[in-house]
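If you number the sequence shown the way the working numbering does, the last residue is 309 and the count never jumps.
In case anyone wonders, no lab produced these hints; they're calculated from the structure. Positions of the beta carbon are idealized from the N, C-alpha and C atoms, including for glycine. A hint or two may mislead.
Result set (PhoX-like, lysine-lysine): computed pairs, CA atoms no more than 25 Å apart in a straight line [as the list claims (entries may be wrong)]:
#: 1; residue 1: Lys202; residue 2: Lys273
#: 2; residue 1: Lys111; residue 2: Lys202
#: 3; residue 1: Lys184; residue 2: Lys236
#: 4; residue 1: Lys188; residue 2: Lys236
Here are the simulated distance ranges between beta carbons [as the list claims (entries may be wrong)]:
#: 5; residue 1: Ser165; residue 2: Ala233; range: 18 to 26 Å
#: 6; residue 1: Lys236; residue 2: Glu211; range: 28 to 36 Å
#: 7; residue 1: Lys202; residue 2: Ser176; range: 20 to 28 Å
#: 8; residue 1: Glu180; residue 2: Asn251; range: 31 to 39 Å
#: 9; residue 1: Asn204; residue 2: Val255; range: 24 to 32 Å
#: 10; residue 1: Asp214; residue 2: Val255; range: 40 to 48 Å
#: 11; residue 1: Gly254; residue 2: Leu209; range: 30 to 38 Å
#: 12; residue 1: Gly262; residue 2: Cys231; range: 20 to 28 Å
#: 13; residue 1: Asp163; residue 2: Gly225; range: 16 to 24 Å
#: 14; residue 1: Asp214; residue 2: Pro293; range: 17 to 25 Å
#: 15; residue 1: Val255; residue 2: Lys188; range: 26 to 34 Å
#: 16; residue 1: Asp172; residue 2: Gly254; range: 52 to 60 Å
#: 17; residue 1: Ile153; residue 2: Asn251; range: 27 to 35 Å
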Amino acid sequence: PKDLLRFPFDSSRKRMSTIRELEDFDKTEYGYQKRIHIKGASEIVLGTCTHYLDESGNKNILDDQMSQLLEQTIKGYAKQALRTIAFAYKDLKENEGGQLHEDKDEGSKIYKIEEGGHTLICIAGIKDIIRAEVPGAVRSCNEAGVRVRMVTGDNLITAIAIAKECGILQEGEEKDKCVCMEGPEFNEFVGSLISKETKQ
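Modelling step: build the complete structure from the supplied sequences, incorporating the hints.
The structure is reproduced here in structure tokens:
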């Protein structure tokens with residue numbers, strides 16, 4: 110297989126995609142030998158899927174029951190301070206998403222071929238190991254009267270679990286939105302960031 114086009118990851122997209130051209134012997138279901146592979150935040154990628162692969166590699170319709178089970182799995186991982194990444198793919202039709210497969214709505218960062226019809230391959234849980242000095246550094250800040258807060262671009266449930274391990278989040282603060290928050294919420298909270306160009 111050969112990579113033809115990549116749509117990179119960024120914090121607003123929460124996904125990355127690669128379009129691949131497959132070999133003759135491995136034709137896709139539409140007879141057009143291009144496939145898009147997508148990976149990213151589990152809840153985002155899962156939302157684009159209509160099918161999933163079972164343990165035998167068979168493709169099945171992603172019904173409400175399975176969707177709920179997968180959402181519970183993501184939440185279960187997040188509560189254990191695991192970041193989750195989902196992997197999916199979609200066989201492309203000729204000219205799907207434009208001749209070069211890179212059409213998107215004006216102002217959108219999401220390409221049309223990334224929006225739906227994917228088949229979920231798996232969900233992986235990743236553990237970010239907290240460095241040994243972090244809890245002590247947080248404790249020192251607190252003792253000095255500086256309250257440490259967490260702003261995340263990841264799943265908020267995961268961030269809360271990590272904040273507990275680091276000592277940022279104390280018992281009873283789980284629902285305090287000023288202790289742990291997502292990036293866009295923080296941006297709104299502080300009144301956005303303003304950049305001024307210096308004129309020469």
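Verification of the supplied hints:
no., hint, result
1, Lys202 / Lys273, "violated (47 Å)"
2, Lys111 / Lys202, "holds (17 Å)"
3, Lys184 / Lys236, "holds (14 Å)"
4, Lys188 / Lys236, "holds (12 Å)"
5, Ser165 / Ala233: 18 to 26 Å, "holds (19 Å)"
6, Lys236 / Glu211: 28 to 36 Å, "holds (35 Å)"
7, Lys202 / Ser176: 20 to 28 Å, "holds (25 Å)"
8, Glu180 / Asn251: 31 to 39 Å, "holds (35 Å)"
9, Asn204 / Val255: 24 to 32 Å, "violated (57 Å)"
10, Asp214 / Val255: 40 to 48 Å, "holds (44 Å)"
11, Gly254 / Leu209: 30 to 38 Å, "violated (56 Å)"
12, Gly262 / Cys231: 20 to 28 Å, "holds (22 Å)"
13, Asp163 / Gly225: 16 to 24 Å, "holds (20 Å)"
14, Asp214 / Pro293: 17 to 25 Å, "holds (20 Å)"
15, Val255 / Lys188: 26 to 34 Å, "holds (28 Å)"
16, Asp172 / Gly254: 52 to 60 Å, "holds (53 Å)"
17, Ile153 / Asn251: 27 to 35 Å, "holds (34 Å)"
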